[in-house]
Amino acid sequence: MRFLSLAIRNAKETYRDPLALGFLIAFPLLFMLLFGAAIGGNSDFSFTIGVVDEDNTEISGQFINQALADIPVFKITVFESASQVTEGLKNGNVESALIVPAGFGEEIKKNWQNQDSDIVLELIYDESDLTFSSQLISTVNTAVKNFARVNIPITIHTSHINIGSKVSQIDFVAPGIIIFGLLIMIPTSARIMVSDKESGFMARLLATPTYPWEFLAGYSISMLIIATIQIIIFILLGIAFGMNIFGNIALAFLIFFLTAICSISIGMIIAALSRSSNQAEALCWLISMPLAILSGVWFSREVMPGYIQLLGDLFPYSHAVSAARIVIIRGAGFSAVSDSILILIAWALVAFTAGILLFRYKMRA
Amino acid sequence: MNLDIRKGELFALLGPNGSGKTTTIKMLCCLLKPTHGTARVLGFDVNKESRAVKQVIGVSPQETTISERLNPLENLELIARLRGVSSDKAREWSNKMVEIMGLESRSKDQVRKLSGGMKRRLSIAMALIADPAIVFLDEPTLGLDPQSRRALWEYIAGLKGEKTILLTTHYMEEADFLSDQIAIMDSGKIKDLGTALDLKTRSLDKRTIIIHAWNITIKAIDQIREKYPDVTINGSNISITGSELDFKDVTDYIHGTGAIIRSAYFKEPSLEDAYLRITGRGLSA
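Note that the protein sequences, when read in sequence, are chains A and B. Numbering-wise, the numbering used here puts 302 at position 299 of the first sequence, and it's gapless, one number per residue. Numbering-wise, the numbering used here puts 48 at position 42 of the second sequence, and it's gapless, one number per residue.
So that you can see chain B by itself, here it is in the shape it has in the complex (with noise of 0.2 Å):
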């Protein structure tokens, strides 16, 4: 694996389970050595220099970590003060955090009785807290309900250019949203690695026409597949992809069949369907 992060980048690592997403943010980390090559966190060694390497990042894990029977203030100021920063200004830190995190009114309840949603905004403060240059967030939105993800991606959106961070999720729309460049990985390898208009354009080497149509006889549907190999027909839509696509003649066609088209459009491409295509559409075992 290859990768350069640049300062104050959002870089999103997407890949199927096992791929090596937290063992990549375990390295960086330096919670687990790397059994060949190196890595380098703002210049750090993380092989000779781990302690340098902790003093300048954040990290929240994929679970939500968080001391059960501390409330949130607690454990944002043992974090705080673990990172080396004074009881007052641990303090401070702590406060500033759950406010930004919507979490006064809870601040003094044990962690264990807050909600997932709370948890993880809590989990993020935690990696944010005493101010590091760079941010492991594996996974940070996972299990959360779409407000609560869609409050967690604004705010971690306005970090970006603050500080460096490094996002590992499953979810394509969260990627998108948020990322600056995306590498997809498989099997510990980085499979395709740019913006998320460089990695959907990348999958158009095929493209897909989707046509709603009425009157699609069985003679109709029998034309249209000795035509096109690679077509789907589900009632009246039917979705057409090929490597040489062209619009007028794909309608033309369709219309000659003596199908009444209603719509029709290039289906534009998703970075779900870059996934795929890179990380092959099969669960591997």
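Next comes chain A alone, as it looks inside the complex (with noise of 0.2 Å):
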């Protein structure tokens, strides 16, 4: 068991050196007090909503009067034209506005008739509340895609959407916060590997019969072990600032888990391709700052254009925040996040073996 004993003496350099405890936990632990105080507590939210139907057909009406109606977080005003509704905008009186345009209900109907269709509203709203603006979005997104009956992502369309409960900005925001936690797992799975090699300590592990597997295996374990603890802890931060979660909480923390055996894993590519901690340091910033942001740890990827959204695709974060969300803010079961999981475990054995045929690479290079 040479792994667990690495692993042991890891763990132990890590929670024997304050600062790099420090960062692990307490970075990411001010991200979420920040955010707790800014936006905990009174929590319910409500959005006012100009609506304005150009479209004056039944099936227009249905949407607005029940669809829309029906979802409580949205107080819903009918205006008479785009001007007006504009107008209403601008003084305040809504903080946003959907144009529902002619067409609308021809479209929907095509949508059931199970032919092709091209529905398009037009959404007017504050863009410069990001958080704000994308819950709108998802929202009302969701919405139309109920009502629509489109085939939407399987992520939605085979569990139940809690929508229509008291989603909290915490609920959405603390999501994000968990999986930017797990993010800086990269650099930190970097600097403990990348510290031993310059230090000169790899060289010596190195000169025991001990197989490459064991040594990232060695590594991993106790990155997980301090990871399933920052879990724990931000879940129980989050719940404390008002964070409610609808899904099955074991199912979140198996996302989470995965996110974090992706993080590390990605730390040790990085670590095994470094020369010096200067270089991991730089390499896993620059990997893991836009990595955030491409997948909408801070606010919702719909607001960003379809080409950057689909370059968060290709990396297990976006997945495993959409994945989180849905589970906590709408309480979807695992069939609606399989897909995600599915990607996490790809993301994560593909890094991880990727990390045990560099570093054995490496070894003797």
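Among these hints, one or two may not hold up.
Stated by the list, open to error - Label-pair distances were calculated between CB atoms; the ranges are: (1) Asp51/B / Thr356/A: 21 to 31 Å; (2) Glu284/A / Thr207/B: 46 to 56 Å; (3) Ala139/B / Glu201/A: 56 to 66 Å; (4) Leu352/A / Lys114/B: 35 to 45 Å.
As the list claims (entries may be wrong) - Pairs of lysine-lysine residues, derived as DSS-like cross-links and limited to a Cα-Cα distance of at most 27 Å, are as follows: (5) Lys195/B / Lys365/A; (6) Lys15/A / Lys95/B; (7) Lys169/B / Lys102/B; (8) Lys169/B / Lys15/A; (9) Lys15/A / Lys114/B.
Said to hold, decoys possible - Computed footprint of chain A on chain B; a stretch qualifies when at least three of its residues, placed anywhere within it, have a C-beta under 8 Å from a C-beta of chain A: (10) 31–45; (11) 76–87.
It is worth saying that the hints were derived from the structure and are not from the lab. Where a beta carbon is used, it is the ideal one built from N, C-alpha and C, also for glycine.
From these two lone chains plus the hints, build me the complex, please.
And the structure:
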């Protein structure tokens, strides 16, 4: 059980180093506290939406008066024209405007008849408030998809969408912060390994009959212990700040745990490729910060251009964030997030294997 | 490079910085793949049987590579466990090693709080734990005070015969004191090989006579320089080097210049002389 001896050593090295431990826990904790203090507490909110029906069909009427009106967080005011609702926006009478264009009913009908359709809605909102707007987009999107019975993404399609619940800002932000905390594991994992490499301790370890996988397992297990503690602290803190977990907490934990494995493996790859801790650190931040943005850690990815979303989809974190959000906010079950979980598992396996191969190659390079 | 190290021998590799000592050790420890050729460690090929090689070796690298936030016992146990020793046995070995190295009183302190000498001793203990047949000590006494160095020499000397030890050092005195055989390396090649006495004797193609004398006049200096081109005169000390120096001839000649000789002797050849003769006195780029 060489890898366990190594894991114990690595865990001791980390928990006996206040700076490393502080960085791992305190940095994301600070974000959680700031966000918690800023948006926690009285978290019930609603959207006041001005709606204009330019279609004026029975279907558009049903959409406005039933589908939208049934959503508790929406307070709807109907306007006669686009210019009136724009005026209302300017005056602050409504926070956003939804224009149902002519032909909307026809397109919805087509979709009900399994024909190709092109459903278009115009949504006007205050784009400076990214979190608010992303919630709004997400909610309207869901409402339309439900109403139109569009082939919605599997993550929403197969589960009960709890969008009518009292969703708070912290519910939306907390999963992102937890994933951000796990993203920070990339530099931390790399740092431990590179510092051993730089100090020469790695050479001493490599001169023992230990297999490459045992080395990586030794480093990974210690980091996973820390990640588990980190996830528990963040979930508890989120709950303390008013985060509601509508879905299965174990499922949310699984998503976070798989994300941690991905981060640790990516950290190991960077460590194997880096020659110095400075190089590793720069590379880690160069990778993890853009990933945080691409993955929608801080705000919804739906406000991003399509190609950016596509880029984010290549990495595990965007899947982790969206899966965690729909489990926590919408109470989605396993089937709704199974695709994301599979992607996370695939990423973890590929990254860990790549780490082992690289490490093995570098062991004698 | 062709090198044979006999079992139980303490073999020293000497050479200037960058001569390839550490690279040689790294290749023998399977930490670096040779670009060409191979080596056998206790019969195991370093290219093909790296795990078998790693089973029989212990390494103390050049840097004091110890896990700083673990204590000495934890560090020793870790290496013993990685060498495949059971948990109980690893603890037993660790306790024994801290005792041998005189680290009992600090065995529970984190390594970062230990002195440089203690860390060196611990580093060597980590190389020796679990009884490896072959031990590589890469500059084991680097940066130590004379007392600590001397204590470590005595300990290493005590291992002679029991273990095969490959040592690299920049301290000639250390190599002279400890080694059964010495190889002098330069630019990745073995330049000379033999016992310390062999190497010193081989440097005797030129010998030096040191004369302490009074009344060395300018005229006498001129006469001496004329007769012996390789001479250094420093106050009342005259150092004459040459390949065919005859002690009586030299002293008679100096006496003839009017100088009053107080003492004269042949300088004993040192390992450093041999080293400088082989590797050259200049600094390489």
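Results of checking the hints against the structure:
1. Against the hinted window of 21 to 31 Å, the Cβ-Cβ separation of Asp51/B and Thr356/A comes to about 28 Å, which satisfies the hint.
2. Remark: the range hint 46 to 56 Å for Glu284/A to Thr207/B is upheld by a beta-carbon distance near 54 Å.
3. The hinted range of 56 to 66 Å is not satisfied by Ala139/B and Glu201/A, whose Cβ atoms lie roughly 30 Å apart.
4. The hinted window of 35 to 45 Å between Leu352/A and Lys114/B holds, with their beta carbons roughly 41 Å apart.
5. For the hint linking Lys195/B to Lys365/A, the alpha-carbon distance of about 26 Å falls within 27 Å, and the restraint holds.
6. Distance hint between Lys15/A and Lys95/B is fulfilled; the C-alpha atoms sit about 21 Å from each other, no more than 27 Å.
7. The suggested pairing of Lys169/B with Lys102/B holds, with an alpha-carbon distance near 18 Å, which does not exceed 27 Å.
8. With a C-alpha separation of about 33 Å, the suggested pair Lys169/B and Lys15/A falls outside the 27 Å cut-off, and the hint is violated.
9. The straight-line distance between the Cα atoms of Lys15/A and Lys114/B is roughly 14 Å, inside the 27 Å bound, and the hint therefore holds.
10. For a cut-off of 8 Å, the count of residues in the region 31–45 of chain B with a CB near a CB of chain A stands at 6, and the three-residue condition holds.
11. Only when three residues or more bring their CB closer than 8 Å to a CB of chain A does the claim for the region 76–87 of chain B stand; here the count is 6, and the claim holds.
Hints 3, 8 from the list above are not met by this structure, while the remaining hints are.
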